[in-house]
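> Chain by chain, the residues run as shown.
Number of protein chains: 2
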Amino acid sequence: MTEKALIAAIRKRARGRGSSVLRLGIGDDCAVVRPAADEEIVVTTDFSLEGVHFRREWHSPESVGHKCLARGLSDVAAMGARPVAAFLSMALPKELVEGRRGKAWVERFLDGLLALADRYGAPLAGGDTARSLGPACFDIVVLGTVKRGQAWLRSGAEAGDAIYVTGALGGAAAELLMLERAPRQFAGLKKAALGHPHFFPEPRLAMAAKLAKAGLVGAAIDISDGLSTDLGHICDESGLTAEVDAAAIPVHQLTMEAQRAGLAGTAIDLALHGGDDYELLFTARPGAKVPRRVAGVTVTRIGRMVTRRKGRPQMMLRDQDGRLTTLEPRGWEHFK
Amino acid sequence: MTEKALIAAIRKRARGRGSSVLRLGIGDDCAVVRPAADEEIVVTTDFSLEGVHFRREWHSPESVGHKCLARGLSDVAAMGARPVAAFLSMALPKELVEGRRGKAWVERFLDGLLALADRYGAPLAGGDTARSLGPACFDIVVLGTVKRGQAWLRSGAEAGDAIYVTGALGGAAAELLMLERAPRQFAGLKKAALGHPHFFPEPRLAMAAKLAKAGLVGAAIDISDGLSTDLGHICDESGLTAEVDAAAIPVHQLTMEAQRAGLAGTAIDLALHGGDDYELLFTARPGAKVPRRVAGVTVTRIGRMVTRRKGRPQMMLRDQDGRLTTLEPRGWEHFK
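Protein chains in written order, with our numbering: chain A, 1 to 336; chain B, 1 to 336.
The following block holds chain A by itself, in its conformation from the complex:
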């Protein structure tokens, strides 16, 4: 496979998937994007690295492609925006550019990525291709549109705001533990299926669209590194302290299974610190009428933002007896 042939194949698959915002896609030095007069553009980039974010012996190519794009789409959702275009940079090792098996892997990777792209109207509009001397390396860029001045920011929380999360937490981390113990049980997961938060996370774009319309959200972030770390970012940027009720945290059923199986970490630890959930974490004014279910996904109030006081920790966890303990950010840290 030559580089030109690979680009031509991708271009063919992306063709006809433009949008009113994407004016020019694959095939020039740049793509061209034109937002509506009352909109602005949001931009995010995310790596998916072999050996770090995925393993070819553990993850189907479809899962790798799906997760690659899902990470970018989730960031767009966390701004209250709508995706309009994606850009994929691929550095491929020798065995993925030579021979039929390599080509089939790349095709199936694109199957997974483009199925998700189609579902959310984010056509592939460009990128880069290169040979990698190390593991496979993917970098996804997603552009979205949002009404001017309406993007949700991490700095948007106020003292007194309630804290919410969507869905249930810790499922992806629990499934990763199960995968590490028994990879064969997960072989052949090719299609996005419910109940596999590690392999096929669902970006909360439908949720974000409805919440944006309702105008209820103060600050927001997606839970990619773990609740404790991502809530820390909201505290940092908003200059506030967070109090979280441990009992209120919606714990994914897979965390219970992992706990029962004796895998590392209790269910609540996985829910607090497990990464890769791609649920939304957001704040709303205390009196805001946030529905318990939005776009088919539960929304749970888990705590509140309070004024920061000297000598008090940035995040606190309230146990069932009302006692407050320090909540440390113990989510994903790449350089550990």
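In short, the hints are calculated from the structure, not lab data.
We put the CB at the ideal spot given by N, CA and C, even for glycine.
The reader is advised that the hints may include incorrect statements.
Some residues of chain A that are not near chain B, with every Cβ distance over 10 Å (derived) [claimed, not checked]:
1. 121
2. 148
3. 153
4. 158
5. 179
6. 184
7. 210
8. 239
9. 249
10. 287
11. 296
12. 311
13. 312
14. 320
15. 323
With a cut-off of at most 27 Å between alpha-carbon atoms, the simulated DSS-like pairs for lysine-lysine come out as follows [claimed, not checked]:
16. A:190 <-> A:103
17. A:12 <-> A:190
18. A:103 <-> A:210
19. A:210 <-> A:289
20. A:4 <-> B:310
21. A:4 <-> A:94
22. A:213 <-> A:147
23. A:147 <-> A:191
24. B:210 <-> B:103
25. B:4 <-> B:147
26. B:94 <-> A:94
27. B:4 <-> A:310
28. A:103 <-> A:4
29. B:4 <-> B:94
30. B:94 <-> A:147
31. B:310 <-> A:12
32. A:310 <-> B:12
Go by the hints and put chain B onto chain A.
Same frame as chain A, now just chain B:
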């Protein structure tokens, strides 16, 4: 160095470098960009991979950082656009995130990148960081603005158009040959200096701004893979054939030096097929008054676009005696 500390350091260095277009930079799930009402956004992404695009034992960190961004800026120039924001994704191997020497390398890489970013008003607005299990991997995204509908496209050439290139060609390829033979001679090239097209290529943004204002350009592309390959893209997208006058091609003086030194390839071969020049290749109507010098850089007419005829090659080279031979695209090919 923790990931958080690295991001904080980059954010600190990028602070205060916003623009009217960049509304929100590093620190949220996405950056926010707002073009003027009469503008649209161009987007490009480019890898810089250790062992493929650079070697740490050959290139100073400043050169790697400069080239990383220059590749993206050059794509923006090739659309006739103006850069407004850059996004840097970095996957760093263990030795670059641990210890003082690694930290110093990353600091100097950022020095090179940010010096160029400052010069062209492209503030660092986001990106991603990760640990690499293989070589270092950088992916740069550059966004630019251009007047609506005015972007230069590869498909914009018409039969009869004259073909132009900026600057001189083959210098980067010649310098790479010299580097391969005697790396020590090039040790310590830390600052952008004239005469080092391989280490510190200059994106033709000033040239592009003046040509865009004059409205002279039909099709355009930057010469990143080599004249023969990049001209092939204009032929492909415009559905035309190109005739190039060999004697007219502006040959970089380093190609002569390389030829005299007996390094691989003649001067004209390096100018025709050498990559990494980052000069602009463009077409203009035959009667257009294209100045011979724009923004301090020479502009040279090297041939013409003609109607494609069945059985005729896509590109032809005219020698000094007027004989036409086939010009094959023999520039850079990543998967070779």
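> Hints first: check each against the structure and report whether it holds.
Going down the list of hints, with the structure as the test:
1. 121: holds (17 Å)
2. 148: Nearest chain B Cβ is 7 Å from residue 148 of chain A, so the label is violated.
3. 153: violated (6 Å)
4. 158: The claim holds: residue 158 of chain A sits with its nearest Cβ about 17 Å from chain B, beyond 10 Å.
5. 179: holds (18 Å)
6. 184: holds (23 Å)
7. 210: It holds; residue 210 of chain A is separated from chain B by about 18 Å at its closest Cβ, greater than 10 Å.
8. 239: At about 13 Å from chain B, residue 239 of chain A clears the 10 Å cut-off, so the statement holds.
9. 249: holds (21 Å)
10. 287: holds (26 Å)
11. 296: holds (22 Å)
12. 311: holds (22 Å)
13. 312: Residue 312 of chain A clear of chain B: closest Cβ-Cβ about 21 Å, beyond 10 Å.
14. 320: holds (31 Å)
15. 323: Given a closest Cβ separation of 28 Å, the condition holds.
16. A:190 <-> A:103: Status holds; Cα separation ~17 Å.
17. A:12 <-> A:190: Since the Cα atoms of residue 12 of chain A and residue 190 of chain A sit roughly 23 Å apart, the hinted pair holds (cutoff 27 Å).
18. A:103 <-> A:210: violated (40 Å)
19. A:210 <-> A:289: It holds: about 13 Å lies between the C-alpha atoms, which stays within 27 Å.
20. A:4 <-> B:310: holds (22 Å)
21. A:4 <-> A:94: Satisfied, since the Cα-Cα distance of roughly 16 Å is no more than 27 Å.
22. A:213 <-> A:147: Since the Cα atoms of residue 213 of chain A and residue 147 of chain A sit roughly 10 Å apart, the hinted pair holds (cutoff 27 Å).
23. A:147 <-> A:191: It is violated: about 34 Å lies between the C-alpha atoms, which goes past 27 Å.
24. B:210 <-> B:103: At roughly 40 Å apart (the allowed maximum being 27 Å), residue 103 of chain B and residue 210 of chain B break the hint.
25. B:4 <-> B:147: violated (38 Å)
26. B:94 <-> A:94: holds (23 Å)
27. B:4 <-> A:310: holds (22 Å)
28. A:103 <-> A:4: Satisfied, since the Cα-Cα distance of roughly 14 Å is no more than 27 Å.
29. B:4 <-> B:94: Holds. Residue 4 of chain B to residue 94 of chain B sits at ~16 Å (cutoff 27 Å).
30. B:94 <-> A:147: violated (41 Å)
31. B:310 <-> A:12: Within the cut-off at roughly 24 Å; holds.
32. A:310 <-> B:12: Measuring from Cα to Cα gives roughly 24 Å; hence the hint holds.
Hint compliance for this structure: hints 2, 3, 18, 23, 24, 25 and 30 are broken, all remaining hints hold.
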